[in-house]
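Each chain, letter by letter, is given below.
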Amino acid sequence: MATRYLEIRQGVLSKNDQLAAGLRERFARAGLFVVNLVSSPGTGKTALLERLLAEMRAMGLHVAAVVGDLQTDNDARRLARSGAPVRQITTDGMCHLEADMLAGKLEGWDLDALDFLFIENVGNLVCPTWYDLGEDIRLVLLSVTEGEDKPLKYPVMFNSADVAVITKTDLTAACECNLDAMRANIRAVRPGMLIFETSAKTGAGLSELLAFLLAQRRAKYPTA
Amino acid sequence: MHELSIAASLVESVEQAARRAGAQRVARVFLRLGALSGVAKDALLFGYDVATAGTLLEGSRLVIEEVAVAVHCETCRRDVKLSSIQDFRCPVCGQPCAQIAAGRELEITGIEIEVADDASLQAESA
Ligand SMILES: Nc1nc2c(ncn2[C@@H]2O[C@H](COP(=O)(O)OP(=O)(O)OP(=O)(O)O)[C@@H](O)[C@H]2O)c(=O)[nH]1
Ligand SMILES: [Mg+2]
Ligand SMILES: [Zn+2]
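Taken in sequence, the protein lines are chains A and B. Just so we're aligned, residue 1 is where the first sequence starts under the UniProt record's numbering, counting upward by one. Just so we're aligned, residue 1 is where the second sequence starts under the UniProt record's numbering, counting upward by one.
Bear in mind the hints are in silico, worked out from the structure with no lab data behind them. Take every hint as true, because none was put in to throw you off.
With a Cα cut of at most 25 angstroms, we get these calculated PhoX-like pairs of lysine-lysine: (1) B/Lys41 with A/Lys153; (2) A/Lys15 with A/Lys105; (3) A/Lys15 with B/Lys41; (4) A/Lys153 with B/Lys81; (5) B/Lys81 with B/Lys41.
Make a model of the complete structure from these sequences and hints.
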């Protein structure tokens, strides 16, 4: 028996990364803009999406959603009420979505006919960080009920995201949330991060977020 | 235990490479782990022992090289090491820095494998 050293130089998650890169190309060919929503459980991903899907459809946009859930199809049913096509990934206890799970859910959808695809990740601020899904934007949500210091507790997730949304702003006073401190903490772990503030209950801040998403899509696909 | 899925991917990749090289067993795995990878070292080591059971990697050692986070400071015009991943400011001049130069690594750099003597000859002559 002989011992040898073998050089490898390979990302531990290269398999997922490659699949995600393939998806990203596919989305780009289809002119589809993809947003991956990540947050703690209960931050308001589904509530925000219910609003966004409905408003975008009312504007004549073609939108769809894929939602990851540990056990139930509650979120998928809530989102489907908007009339948008919605698919559910039940992860059976797995606490994040991976690119192959998403790829498996896209079959039969005419991606060319879609403008936006929203992916609601499983509520978890750790594991979804590691798994690229081929998205254009990773949007991290944080509610005013969770405490201002969440970004400092999960710096890796907040750093990996492209945009932050502070949710449930209708509860800011009730929760004695200091929004300035929350914004400062987000930017401490991600300097320059763009931050939106929304309430799915009152609708506050939604039009700004919507305008941003539309502008991002237009910037990527100027002729679409 | 968030790191279990990472350990499983690590084992899968290493086992594939080891088999291709005709290994009978993997003795050591070398990994570069950035402080901004989000992977906790101790949890990964624990997950590694679980994930290697019954594979070519069983009983092997995971050797982790930790990589600090470095950002590019536009004011100082160089890469600087962060003292904390909760504070992305240049430790020299205090300027907020978003551009990451190092620290995201989650990378296998190499493995030490045991091969039958004839297989090692084959590999060397190939
Ligand atoms: N007051 C208020 N409540 C909200 C708002 N957004 C969500 N909620 C409530 O917060 C709870 C969780 O909201 P969801 O939208 O299910 O949160 P989620 O992030 O999708 O949760 P998971 O998918 O389980 O991780 C529900 O009871 C919502 O009604 C908001 O803007 N204001
Ligand atoms: Mg939900
Ligand atoms: Zn500096």
